[in-house]
Amino acid sequence: MADSENRIEVSHVTHEFHGAALRATGGKLVAVNDVSFSLTDSPPQIVNLVGQSGSGKSTLARIILGLQKPTRGSVTFNGKDVYRLGGRDKEEYLRSVQPVFQDPYGIFNPFYKVDRVLWKAIKKFHLAKGRSDGLEVIERSLRAVDLRPEDVLGRYPHQLSGGQRQRVMLARVHMLQPRFIIADEPVSMLDAAVRVLFLNILIDFRDKYGMTTLFITHDLSTSYYVGGDIMVMHKGGIVESGKVDDVLVNPEHPYTRMLLSSVPVPDPDARWKDRAQVVLAEEEEELVVDKPDIEAPNP
Amino acid sequence: MRRFARSLWKLWSSSHKFQIGIVIIAVFVVVAILHGPIVATIGHGQDPLGTAAYTPWQLPSRTNILGTDRYGRDILALTVTGLASSLQVGAVAGLISTVVGVLVAFIAGYKGGKLDSLLSGTADVFLVVPSLPILITLSAYVTNLSLAAIGVILAIFSWALAARTIRSQVLSLRTRPYVELAKVSRMSDLEIIVQELVPNLLPFIGVGFANAVLGSIFALVGLEVIGLGPSNVIDLGLMLNWAIGWGTLSLGMWPMFVAPIFVLGMLFFAVNLINIGLEETYNPRLRKVAGA
Amino acid sequence: MAVRQQALEDNKSAAGTPLLDVRDLRVYYNTVSGVSRAVDGVDLSVRRGEILGIAGESGSGKSTLTTALLRLTKPPGFIAGGSIIFHSRDGELVDLMKVSEAQMRSYRWRNLSYLPQGSMNSLNPVMRISDQFEDVIRAHSDRSTQEIRDIVPELLRQVGLEPHVAKMYPHELSGGMKQRVIIAMAVALNSDLVVADEPTTALDVHIQRVVIQTLGALRDNFGMTVILVTHDMAVHAELADRVAVMYAGSIVEVGDVRQIFKDPKHPYTKGLIGSIPRIGGERRRLSGIQGNTPSPTNWPSGCRFHPRCPYVMDVCPREVPRLLPIRDGQARQKPLVACHLYTEVQAESGGRDGGQ
Amino acid sequence: MAEIVSQGPPVSQPSEPRLVSAYRAFTVNHPLVAYAARRFGIYLFTLWGSITITFFFFRLIPGNPIDAYIQNLQTAQQNYSVHASQATVQYYKQVFGLNGNLFEQYYHYMYQLFVQHNLGPSLLNYPTPSQFVIARALPWTIGLLGTATVIMWVLGVVLGALIGWKRDKAVSEFWTYVTIALSHIPYYFVALILVFLLSYRLNLLPSSAAYDPGYSIGLSMGFIKSVLQHAILPAISIIIIGVASWMVGTRMLLVPMLGEDFLTFAEAKGLKPRHILTRYAMRNCWLPQVIGLGISLGSIFNGNIIVEQLFNYPGVGNLFVQAIGQLDYNTIMGIVELAIFGVLTANLILDLLMPALDPRVKYWK
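Protein chains in written order, with my numbering: chain B, 1 to 299; chain H, 1001 to 1292; chain U, 2001 to 2356; chain X, 3001 to 3365.
Quick caveat, the hints were computed from the structure, so don't treat them as lab data. Do not take every clue at face value.
Claimed, not checked - Result set (DSSO-like, lysine-lysine): computed pairs, CA atoms no more than 30 Å apart in a straight line:
| id | chain 1 | residue 1 | chain 2 | residue 2 |
| --- | --- | --- | --- | --- |
| 1 | H | K1183 | H | K1114 |
| 2 | U | K2098 | B | K273 |
| 3 | B | K123 | B | K208 |
| 4 | B | K90 | H | K1114 |
| 5 | B | K80 | B | K113 |
| 6 | H | K1010 | U | K2334 |
| 7 | H | K1114 | B | K123 |
| 8 | H | K1010 | B | K69 |
| 9 | X | K3225 | U | K2098 |
| 10 | H | K1114 | B | K80 |
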């Protein structure tokens, strides 16, 4: 499909969070720590980014999408810094790199019907001239992701199932035909039967349209299913990478091994024999409760 | 625009409380706007508000539906005029404080960073300056305050509260996935604020406006009840002040006392109905738990 | 400790006897768009000492069912009918749907404990862990504060937590630790049954494994009965003895865990098992299940799976299939299936006695 | 092809001045101290900002206190000459800090306030400094409003929790609507009605002043009884509406909480409903109400102008109105500043106390 190679280059990206509370103490949270890799669309492929919650996967996705400027390091698209793009280049970048987010409900503004997300894409990226032309594009894309337009159009987000909502996002991607899809935990809130359908579409997009997907997940079995390359992320850094078939079959890094040995196998005859090593000093979750916003009643 | 009308219609048909509240307010607003012709009709061509237009201290009768006051003015005409003034003050104050509050809230909440700290800090400073003493001082020393000027002064001390409540809402909305999706869909900041954030905050803004209007009206009435308000415009508070000062209750001249209190009571009744209606429609968590 | 030891022995000797018989349980919700029949005619038998898995997609009514088992259904939900017969250790039969609220309170946790779905938020955020233990133990026994303080560290140790956890607040614990604290609470009173609602959802894989094995240990070490409700089939494969598959508010198949995974009978179970990706081996395309989960306000007629079923027959939209035992060469026990594919040919007499 | 570029050496940090890094090290090791220091800084800033706004506001509105005072002298002594007045004006300008331009005056005032802790002379009782005049009125205000605030908070929170907990019951729903309606009535309406009914019509209670002038101030039984009698009406008119507001607030906090998992779980544990309400539900939602109480107590210092005026109660609010009549700027500003100080200090104390009240709150983390 692609005439020339498109390339996203992530180099030495580090991101630290300085919350209002963190700033006071000079403390910081290093979400992403000196990560470098590149994505290209020739040949198109699926690159898995796996890791447990808090490993920095989602922050990395937001950084690549241009939503969160990294503290250090750079993201370039075909050699141009994503955070210094202007006008035409910015448009080109957004046309080429599009997201699928985790929460299929939060993607839709509850105030509007589902259609709006698709129409916005048509208008903002000039995908069609006029209404009937646009409707045709929308219907074609919905069918491409196994949705019947009449089931989806004219509905409010809460009237659709999670699987339908997430597939509407895929339809949006289908319309825009980006070179890269940044999919941040797209199936974590879907049921198994629907999840497979979603993954199949993602695989088809690679094969039919030559799209490259950065597939972020915490579920190792889904990354094995989609195949391709894999990067294992732990505490903000990439600890192991390579082909899915190598890394998930013969893991080298102890963290990858630990992850793999923890995945329950869907076979009653292959149960765990040994007891898991119970980690006593589990990382504690830190919670900062904001002071509630309240007023004294009457004077 | 059609979408907007439809959501308004949805809101309207969602709650009877909301409907009743709106109808009462609408009636009051119409009366206030038409207060000139209404007063003229009451006076049958002459000014019912002129001193000694009628015999003083009349109880309700055919000519004076609510009777007359100490100076022989028609109490119904006074009430209609007072309502118009009170609503005008409330509208000016409510409008200014809501517009300023919303602007500050959206700029601070959406942009964040240093600008947010600066604007929120300013709002906090304004929040701790007590408004009632300032208002009393002003009305004591600045003679001939116009209705609009009173409204502006009330707004200076009430925008900060609106700004703070709406800002916290903006903060919670701005990291929603649909806002992020809008960003990668090439929507500008202004488009995102207007199309993605504002619609979801309309109920908050609406309630904030209604409360600011009501709050301003009652702040002014409070001042006037103790005789410290501006005394150059007839509003409902000034009527109450007269009613107390002239000892109308001991004289048995109840309309002078009852009329303004009734109108004020209906006003806050209506605004509260709207509040409760919106609360029920827009707070699904509350609705779910309450099973209402 | 001696008392606990005795109870443990009792549990083990009672293994295999009936514990809970659920008959035609219906739990509905009043919603704006009509009555939502989230759980609509569930039949289920639970035996002492087993781990019974309940599987199904979101919207199948699993969670509604678990809360109803403990009679914790909250408005706008209500229990529309059915019975839950509890077989107490001394052989008494009690219909939990009929006892008074005060009696129900005494059954809760003493006999039926609950590991809730939102375990993250299930502990009182402003109380120390030890105080929360004290609350529940006090409510069901007359032990003194000192006695309770003494046993809490031991209880925590049994689920693999350090004693100092007792002095901590919930927000200082990770999700998996909170899960295990609640499991320890069930151990504290030696509950007959633990109903675990999606115990591994939202946990990291490693913690998932710890929680799964802690639940397994409940049965292995204490002889407790566990109802394991989760959409994650791999967890069932790892832990359950029997699996009940729920679809659209009722149970469509119950069978031994091996039978469910190796030889699923109901077309829905087949689809579900056929949707699970595995690590390793040949990479083949999985088919998933086409179509959408139906809405509980408007279930399809007849067999509720018929609009998505690849084997749909004329009878399916017309008649509701009953949950009946079918012949099966391999399985030790006959699986129960609610599907017309089997009723026509293989159905035996016997009616709806789930799992005997 | 996704190539994983080898990870380079970490980017070196720019070095910091030693003082900055020492401070940073200290704050990392003592997060609580760092938090308290930062919070105190914000406190000082807001205090300064709001007092500055107040100062310029009062200096910029028309009206001249010296003219007002000299006018007073004229009416009192009736001897007036142009010469004397010129000297007098100069003298009083000096005394009242009105020399020089606005910024010199501002500097003078802030110096006097923050360094000498002096508000300047009061016009009402010249030459008594304003702080003494205010201090005389303060006990009445604190006594009346402090007691009323505490009473209405306790009643409001308890009753609010009850109507929230029993939200399905018709009685609760009835009281919910009653309290919502009541909570929005301006309290002076209630005051007017109470005075009319209990004082004028039934003659049960005194409607004005703080005590019977027949008694002298002291610890005699008669005096105390008289003080209590006089406080009943103003207190009740504040309390009725206040209780309703606190009830509405408590209910609003409690009802959404009733869907929380830990309450369902508490029920699953077989705990008694009363136990769940007090130890689980209320313990988790009373914090905003405690903060509210703190702020209410902090904001009683400017007195309740309307109630004190209606009942002619000799508190700070009443003093304020008198000061306005006399153009006593120092007293007026003093009262406004006291109010600002009260609210801000209450906020500061609450913020510092919060971590002790709720284990989840850790600002400094």
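Evaluation of the provided hints:
| no. | hint | result |
| --- | --- | --- |
| 1 | H:K1183 to H:K1114 | 22 Å, holds |
| 2 | U:K2098 to B:K273 | 43 Å, violated |
| 3 | B:K123 to B:K208 | 25 Å, holds |
| 4 | B:K90 to H:K1114 | 26 Å, holds |
| 5 | B:K80 to B:K113 | 36 Å, violated |
| 6 | H:K1010 to U:K2334 | 54 Å, violated |
| 7 | H:K1114 to B:K123 | 34 Å, violated |
| 8 | H:K1010 to B:K69 | 40 Å, violated |
| 9 | X:K3225 to U:K2098 | 59 Å, violated |
| 10 | H:K1114 to B:K80 | 29 Å, holds |
Checked against the numbered hints listed earlier, the structure breaks hints 2, 5, 6, 7, 8 and 9; every other hint is satisfied.
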